[in-house]
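Taking the hints into account, I'd like the entire structure generated from these sequences.
There are 2 protein chains.
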Amino acid sequence: MKPTLQTVADRVGVSRSTVSNAYSRPDQLSPELRERILDAARELGYSGPNPTARSLRSGRAGAIGVLFTTALSIAFTDPYAVQFLRGLAEVAEDNRTGLLLVPLRDDDEGALEAVRNAAVDGFVVYCVPGWYKAMEAAWARGIPVVNSDHFGSLFVGIDEIASTRAAGEHLMRLGHRRVAIVADYISPDRRTGEVSVPSVEDLGSYVSRERLTGYRDAFAAAGLEWSEVITISAAGNSREHGAAAAAYALDRAPRPTAVVATTDLLALGVLDALAARDLRPGRDVSVIGFDDIPDAAQAHMTTVRQPALDRGRIAGRLLLDPPDDPADRRVVLPTELVVRASTGPASTGSV
Amino acid sequence: MKPTLQTVADRVGVSRSTVSNAYSRPDQLSPELRERILDAARELGYSGPNPTARSLRSGRAGAIGVLFTTALSIAFTDPYAVQFLRGLAEVAEDNRTGLLLVPLRDDDEGALEAVRNAAVDGFVVYCVPGWYKAMEAAWARGIPVVNSDHFGSLFVGIDEIASTRAAGEHLMRLGHRRVAIVADYISPDRRTGEVSVPSVEDLGSYVSRERLTGYRDAFAAAGLEWSEVITISAAGNSREHGAAAAAYALDRAPRPTAVVATTDLLALGVLDALAARDLRPGRDVSVIGFDDIPDAAQAHMTTVRQPALDRGRIAGRLLLDPPDDPADRRVVLPTELVVRASTGPASTGSV
DNA sequence: TTGAAAGCGTTACCAA
DNA sequence: TTGGTAACGCTTTCAA
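Order-wise, the sequence lines are chains A and B. Under the working numbering, think of the first position of the first sequence as 1, with each following residue one higher. Under the working numbering, think of the first position of the second sequence as 352, with each following residue one higher.
FYI, nobody ran anything at the bench for these hints, they're computed from the structure. What you are looking at is a predicted structure, and each value in this text was computed from that prediction instead of being measured. Among the clues, some could well be false.
[Unchecked claim] Chain A regions said to be covered by chain B (calculated; three or more residues, Cβ under 8 Å): (1) 45 to 58; (2) 75 to 89; (3) 93 to 99; (4) 113 to 119; (5) 138 to 146.
[Stated by the list, open to error] With a straight-line Cα cutoff of 20 Å, these simulated DMTMM-like cross-link-like pairs (lysine to aspartate or glutamate) come out: (6) B:K353 - A:D121; (7) B:K484 - A:D39; (8) A:K133 - A:D149; (9) A:K2 - A:D39; (10) B:K484 - B:D553; (11) A:K2 - B:D472; (12) A:K2 - B:E487; (13) A:K133 - B:E394; (14) A:K133 - B:D390; (15) A:K2 - A:E43; (16) B:K484 - B:D459; (17) A:K133 - A:D189; (18) A:K133 - A:D108; (19) A:K133 - A:D202; (20) A:K133 - A:E113; (21) B:K353 - B:D390; (22) B:K484 - B:D540; (23) B:K484 - B:E460; (24) B:K353 - A:E136; (25) B:K484 - A:E43; (26) A:K133 - A:E109.
Note that beta-carbon positions come from the ideal geometry of N, C-alpha and C, so glycine has one too.
The structure is reproduced here in structure tokens:
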């Protein structure tokens, strides 16, 4: 039989409350009694109050649920995601709170149940396309939910549209007119290949939708029709998928003078594809990514920098201590276009 | 006021038990009554049984605690670790169980409390040096603990010593006699630099200790004294630390003909250091890693392959369903020396 | 098929 | 400073 508070109380000859206080409110009893209680506990093999019972009574689960799609391996392969998580973990730790991972593969019943059954004080959603039913389940729980994409009552993110619009303007200024865009989550069947995106607004994935919108707007302002832009779907957010997707842009004539991607991971794949074809980034083909992960700098890649760590930190703070003022419940972080060697003037003469 | 089971029961005019059954045991009541209950719940905004209360009553937390040291960012930067976690997550998911991350930075009181306060059914320990007090706290909880290093009652791992012994023998066969070893966690002050390791047995880190032992034994069998081997401590398990550590081996005369590392991440750093000095791996200096992460293959690096995904999976299974037979509670997985281009005959003539 | 009663192990609150 | 009492919201057992 596992020892409980009562066991210890009986042994020392005090009440449960006193033993409870010895653990949770050391200032509420004399140091010597506390010492006696702790000794008895050790002797009995009592390792402290049962976390679950404590949670039930105190109304605090002591954990934040982290909702994300895609295999764990992908989620943690993206340096951007890891940074976000790190910021979140930092704040969680400071608040004596754990992080409960809730992977949402395949939007099935199992995922729904996982969300409903998670003993957490709130959810942080990251990389979850809006169509996931699990999102509704999270809302239904009636606990705080922080979103980075579709705007909820608690939000921390960036101005996605303005970010890629700036990137697109940069491209237009350089004179590019044959442009391809690589994005994940834009093909319903999750295949890699060229897809037609007649109306960007209808895309299910918030991130891809917004980022494409920014590019579309920038192109339009420069007189480049959206219908002339090649849109390619990547089956997932990885370097390999990016390279595979890039092939659909690079192996056609006339070849685009610029290939932009919705994430750095994809864009790095585009660079790989260029290298495989002996094409020079910024000379033969310009490339732009998004996130500014460390590898982007190393690859001299033009990209949009966003504060991943801060996003995570702020998500944690919003969740643990939701501001009353609605204005404070939505945080939009600044981004910055980082121009490096992977973009250059359009070489209009190329094949 | 948040709705509870009782709220719903009152609304429908049934007892709590029946509502409970509607969620947890659908076969225990008529489909139509269940439907009525679920409808009422929806109407009242009741999102299902409170996970904490359910846990308390049923005695199942529905989560596995994952104990690890080092910043989250480092932990998730190592592809080996991510694979392990992925295997674990897979099994957890199949068993409707979550993963609670419990980072153990700086072995302080906070970490202890985090372990004591984690609402979990067991702990999986990974990358935690044996000296951490948090480990004791985990054991004290009286719930299953799966270890990959210091042998507990539940264990899944590999024969570390035999693995590096094979690698060491490979090196000896190639004629290397000037050898350096890069390892993390072998310097008490966590600095990068050459350290003296008179007796390998005394190292605090299980992994480094075992892997060094294997090399030591292989060298000894070939007549190479341990005292002649250069041991270098890396401040952490990362490519950068590996490169920094390698400098202590490469920038000395006579230069070692081989530099081995206790992880692939470190070994990749060694390769970086070689490249920075225009030294050719396998010709000028032989390099061996450990883990066989994808980048290792890409870098044509000789290394020891271990089944990371399986390790994670088995850890999960051991925890969720501990075998009765003690023999089944310890699983040792096979490893394999993968010889690639980074090792070659010792070029004895080099400076 | 449904319901009543008894906890699960703790903390909050108030009285002593 | 300490103790008694009453929940926290649920599941389980057993009886109807």
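Evaluated hints:
As drawn, the stretch 45 to 58 of chain A meets chain B at 10 residues by the rule of a beta-carbon pair under 8 Å; at three or more, the given contact holds. Given as covered by chain B, the stretch 75 to 89 of chain A passes the check, having 8 residues with a CB less than 8 Å from a CB of that chain where 3 are the minimum. Given as covered by chain B, the stretch 93 to 99 of chain A passes the check, having 4 residues with a CB less than 8 Å from a CB of that chain where 3 are the minimum. With 6 residues having a Cβ less than 8 Å from any Cβ of chain B, the stretch 113 to 119 of chain A passes the three-residue criterion, so the hint holds.
Counting residues of the stretch 138 to 146 of chain A whose beta-carbon sits less than 8 Å from any beta-carbon of chain B gives 3, enough to reach three: the coverage restraint holds. The suggested pairing of K353 of chain B with D121 of chain A holds, with an alpha-carbon distance near 14 Å, which does not exceed 20 Å. Restraint check: the Cα-Cα separation between K484 of chain B and D39 of chain A comes to about 18 Å, which is no more than 20 Å; the hinted pair holds. For the hint linking K133 of chain A to D149 of chain A, the alpha-carbon distance of about 15 Å falls within 20 Å, and the restraint holds.
For a cut-off of 20 Å, the pair hint linking K2 of chain A to D39 of chain A stands: about 17 Å separates their Cα positions. The straight-line distance between the Cα atoms of K484 of chain B and D553 of chain B is roughly 18 Å, inside the 20 Å bound, and the hint therefore holds. In summary, the hint linking K2 of chain A to D472 of chain B is supported, as the alpha carbons are separated by about 14 Å, within the 20 Å threshold. For the suggested pair K2 of chain A and E487 of chain B, the alpha carbons sit about 17 Å apart, so the restraint of at most 20 Å is met.
As the CA atoms of K133 of chain A and E394 of chain B are separated by approximately 18 Å, the hinted pair is consistent with the 20 Å bound. In summary, the hint linking K133 of chain A to D390 of chain B is supported, as the alpha carbons are separated by about 18 Å, within the 20 Å threshold. The hinted pair formed by K2 of chain A and E43 of chain A meets the criterion: a straight-line CA distance of about 13 Å does not exceed 20 Å. For the hint pairing K484 of chain B with D459 of chain B, the CA-to-CA distance comes to about 8 Å; that is within 20 Å, so the pair holds.
At most 20 Å may separate the alpha-carbon atoms for a hinted pair to count; K133 of chain A and D189 of chain A meet this at roughly 18 Å. The hinted pair formed by K133 of chain A and D108 of chain A meets the criterion: a straight-line CA distance of about 8 Å does not exceed 20 Å. Simply put, K133 of chain A and D202 of chain A have alpha-carbon atoms about 18 Å apart, close enough for the 20 Å limit, and the pair holds. A C-alpha spacing of about 11 Å is found between K133 of chain A and E113 of chain A, which places the hinted pair at or below 20 Å, so the restraint holds.
In summary, the hint linking K353 of chain B to D390 of chain B is supported, as the alpha carbons are separated by about 17 Å, within the 20 Å threshold. Using a Cα cut-off of 20 Å, the hinted pair K484 of chain B and D540 of chain B holds, with the two alpha carbons roughly 18 Å apart. Proximity of K484 of chain B to E460 of chain B is assessed by CA-CA distance (about 9 Å); at most 20 Å being required, the pair is judged to hold. Between K353 of chain B and E136 of chain A, the direct Cα distance comes to roughly 17 Å. Compliance with the 20 Å bound is thereby established for this hinted pair.
Between K484 of chain B and E43 of chain A the alpha-carbon distance is near 18 Å, which keeps this suggested pair within the 20 Å criterion. For the given pair, K133 of chain A sits about 9 Å from E109 of chain A by alpha-carbon distance, which is consistent with the 20 Å threshold.
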